[in-house]
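Build the full structure now, drawing on both the sequences and the hints.
The numbering of the sequence shown is the numbering used here, which starts it at 1 and goes up by one.
What the hints contain is simulated information worked out from the structure, not anything from laboratory work.
There may be inaccurate statements among the hints.
[As the list claims (entries may be wrong)] The calculated label-pair distances, taken between Cβ atoms and stated as ranges, are:
#1 K373 with N439: 21 to 27 Å
#2 E66 with G117: 30 to 36 Å
#3 E286 with S214: 31 to 37 Å
#4 L582 with L363: 30 to 36 Å
#5 H50 with D87: 18 to 24 Å
#6 P674 with V451: 30 to 36 Å
Positions of the beta carbon are idealized from the N, C-alpha and C atoms, including for glycine.
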Amino acid sequence: MAEQLNDLLWMHANLAEALRGALEFLCSAMGFKGGEIFVQNRHEDRCYLHLALDSPHSWSQPSLREQLNALVRQILDEERIITGRMDLEIGVALPLMSPMGVQGALVLAGKPSTEIGDGVLPWLGRNLGRRIAVERTWTGLSGGRRGLQKALTAINAAHSAFHDLETVETLLAQAVSELLGAQQVILYVFEDTSSDLVLRKTMGRLGEWRSVTSLRLERGLAAESARLKIPFFVPRVSEDTRYDPQCDGGLNGGDMAMIVFPAIADQRVQGLIAVTHSPGRMISDEEKRWLSVLAGAWAYAIHNTRLINSLRVINANLEVSRWQLINSRNTLRALFDSLPNSIYIVDRQYTLMAVNKSRVSRLGVHPSQVVGKACFVALFGRSQPCAGCKVMDTFLSAQSQIRSLSEQTDNGSLREWEITTYPIQGEDGQTLQVIVYENDVTERRRMESRVIQSEKLAAVGQLAAGVAHEINNPLAAILANAQLLRRDLHSEDEGIEESLRLIEIASTRAVRVVQNLLSFARKDNGELAWISINQSLEKALALLNHEIVSRGVQVETNLAEDLPEFFGSPENLESVWVNLLLNAMDAMPQGEGRLMIRSWLGDETLYVGIRDNGHGISPEHLPHIFEPFFTTKGPGKGTGLGLSLCYQIVRQHGGNIQVESQPGEGTEFIVSLPLKLAG
Numbered sequence: 001m002a003e004q005l006n007d008l009l010w011m012h013a014n015l016a017e018a019l020r021g022a023l024e025f026l027c028s029a030m031g032f033k034g035g036e037i038f039v040q041n042r043h044e045d046r047c048y049l050h051l052a053l054d055s056p057h058s059w060s061q062p063s064l065r066e067q068l069n070a071l072v073r074q075i076l077d078e079e080r081i082i083t084g085r086m087d088l089e090i091g092v093a094l095p096l097m098s099p100m101g102v103q104g105a106l107v108l109a110g111k112p113s114t115e116i117g118d119g120v121l122p123w124l125g126r127n128l129g130r131r132i133a134v135e136r137t138w139t140g141l142s143g144g145r146r147g148l149q150k151a152l153t154a155i156n157a158a159h160s161a162f163h164d165l166e167t168v169e170t171l172l173a174q175a176v177s178e179l180l181g182a183q184q185v186i187l188y189v190f191e192d193t194s195s196d197l198v199l200r201k202t203m204g205r206l207g208e209w210r211s212v213t214s215l216r217l218e219r220g221l222a223a224e225s226a227r228l229k230i231p232f233f234v235p236r237v238s239e240d241t242r243y244d245p246q247c248d249g250g251l252n253g254g255d256m257a258m259i260v261f262p263a264i265a266d267q268r269v270q271g272l273i274a275v276t277h278s279p280g281r282m283i284s285d286e287e288k289r290w291l292s293v294l295a296g297a298w299a300y301a302i303h304n305t306r307l308i309n310s311l312r313v314i315n316a317n318l319e320v321s322r323w324q325l326i327n328s329r330n331t332l333r334a335l336f337d338s339l340p341n342s343i344y345i346v347d348r349q350y351t352l353m354a355v356n357k358s359r360v361s362r363l364g365v366h367p368s369q370v371v372g373k374a375c376f377v378a379l380f381g382r383s384q385p386c387a388g389c390k391v392m393d394t395f396l397s398a399q400s401q402i403r404s405l406s407e408q409t410d411n412g413s414l415r416e417w418e419i420t421t422y423p424i425q426g427e428d429g430q431t432l433q434v435i436v437y438e439n440d441v442t443e444r445r446r447m448e449s450r451v452i453q454s455e456k457l458a459a460v461g462q463l464a465a466g467v468a469h470e471i472n473n474p475l476a477a478i479l480a481n482a483q484l485l486r487r488d489l490h491s492e493d494e495g496i497e498e499s500l501r502l503i504e505i506a507s508t509r510a511v512r513v514v515q516n517l518l519s520f521a522r523k524d525n526g527e528l529a530w531i532s533i534n535q536s537l538e539k540a541l542a543l544l545n546h547e548i549v550s551r552g553v554q555v556e557t558n559l560a561e562d563l564p565e566f567f568g569s570p571e572n573l574e575s576v577w578v579n580l581l582l583n584a585m586d587a588m589p590q591g592e593g594r595l596m597i598r599s600w601l602g603d604e605t606l607y608v609g610i611r612d613n614g615h616g617i618s619p620e621h622l623p624h625i626f627e628p629f630f631t632t633k634g635p636g637k638g639t640g641l642g643l644s645l646c647y648q649i650v651r652q653h654g655g656n657i658q659v660e661s662q663p664g665e666g667t668e669f670i671v672s673l674p675l676k677l678a679g
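Encoded structure:
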């Protein structure tokens with residue numbers, strides 16, 4: 001606004017055009033309905049110039065016009081600002097001031113549409129008043145001095161950044177030298193941050209700068225003029241004790257006349273204009289008025305230029321701060337959104353103030369779609385706060401709270417959440433908002449369960465080791481007596497024969513169960529020997545022949561011939577086949593089961609595949625089938641140790657077990673045993 005107004009005031013040589021442009025701009029920029037400018041003659045009551053723009057119709061009525069004129073005379077006499085005279089439809093009325101005194105008045109109609117700062121109105125009055133004063137000075141000049149118009153125009157143009165201060169000061173010194181016929185012109189420019197540190201620039205008769213020095217102005221005529229804020233006109237410096245050659249900058253120490261004129265703006269001496277002549281030189285009143293105009297214009301040029309530079313620095317700092325805030329915000333937002341756990345912030349009405357992407361990803365929406373809504377509505381689909389919610393407890397107690405939540409996912413699995421609430425407090429200690437942090441503890445709970453199962457497993461191992469002999473001794477007696485009875489009875493009763501054979505099979509299986517428990521608990525590799533994988537498979541099938549027949553299972557074998565022998569534990573590998581075959585038979589329907597057993601050689605590795613046509617394994621159970629004690633069988637139908645034991649035995653032999661399964665289409669376990677590790 002400052003630069004635009006100064007452009008309008010100084011781009012027009014005609015005063016009326018300049019003031020009319022400024023009036024139009026002020027009404028438009030500040031939202032006034034219209035206004036008028038009154039420029040008074042110095043020694044007459046009538047107006048030197050009167051401009052009107054969209055004046056209210058009521059101002060044309062004689063009674064209101066008389067009141068308006070009286071108000072203008074009051075402003076001119078008292079030099080004060082009047083605001084809010086709505087009885088006259090006046091929003092603002094102010095005097096137009098210059099260093100040469102009051103020049104006129106500005107009256108604006110209606111209420112402004114924007115807020116006006118405290119320093120804006122005096123600033124407006126000074127700028128318009130100075131333009132009027134310069135115009136009056138121009139019109140009073142003799143023909144030989146109209147070149148000063150160039151200096152005044154440049155000085156005032158500095159307000160709108162047409163010229164820098166160095167150009168302005170050069171034109172100013174040249175204009176003063178031309179005006180007064182000076183021997184030399186000295187300009188003192190005070191530093192913005194110091195009351196006595198100045199930059200002194202000296203110009204000679206030829207209009208060139210002869211010296212530029214920095215000094216502390218502590219004594220002399222210049223220092224006294226700055227301190228008292230008044231001009232000095234000294235006919236002979238040799239007769240004035242205040243004169244100081246070092247600070248006042250005399251010529252070769254000779255006698256001379258000297259003029260020192262302060263340049264004052266914003267109640268502060270911005271600079272000094274010092275002029276030297278031959279001794280006894282006096283100046284006229286017209287020359288004094290001109291010095292006053294030039295000094296005032298230069299002072300405001302310095303002041304406004306410093307304000308503009310200060311604003312530029314402030315704007316630059318604000319821009320830097322803005323980018324720093326943006327970067328900090330983006331960093332915090334990225335950190336907020338990159339957290340793997342869910343986090344959101346709510347107020348006392350449960351309104352979501354912020355939510356990270358991890359939380360809304362469970363809903364399949366963007367954070368902006370839920371912010372501003374109640375958390376229990378947007379995140380949980382409820383009509384009221386969730387049962388057990390700790391948000392309000394945190395608001396009331398200003399303490400962190402914690403609770404647990406179980407949630408069933410779309411695929412039917414169960415997820416466990418640990419929800420913690422943290423208070424956000426203001427300077428007065430009141431809780432303004434609450435952070436809700438949801439931590440997925442499903443895997444942690446699962447690991448805790450595994451630890452418990454491992455402890456159970458250790459207990460089973462200790463129990464198995466302690467009672468193995470107690471169990472094996474009666475089993476050995478049962479097995480031996482069953483075999484003796486079968487050999488000695490020679491009974492033709494097939495029922496008795498079958499019963500004895502079942503006792504023998506059951507005893508053998510019981511012994512094997514104990515051995516499996518001991519092997520699993522102690523990680524026993526068993527005795528190693530060269531074995532045939534095909535014979536090992538056939539032995540397992542023979543051991544389970546009764547189960548196969550009783551369940552009506554059809555067995556298909558496709559065992560590759562000439563397979564190399566494998567160095568391993570015969571009993572442990574046989575236990576693997578038995579467990580895999582039993583699991584397969586358990587998964588197949590009674591009387592409709594079909595087992596496919598195959599073996600082959602590839603890449604120095606032996607492969608065994610056992611496939612069934614059972615109900616298959618669901619995708620959510622596949623990652624856990626080799627975990628100890630994991631089972632999908634009903635109570636009393638499985639311990640969850642079989643597949644875990646198989647996996648352990650195969651890994652001990654350097655191999656691996658892979659499983660391929662589709663629900664409803666069956667399952668195939670493929671065991672790979674590398675030959676390069678054998679022996």
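*Hint by hint, which ones does this structure get wrong, listed from lowest number up?*
Structure breaks hint 4 only.
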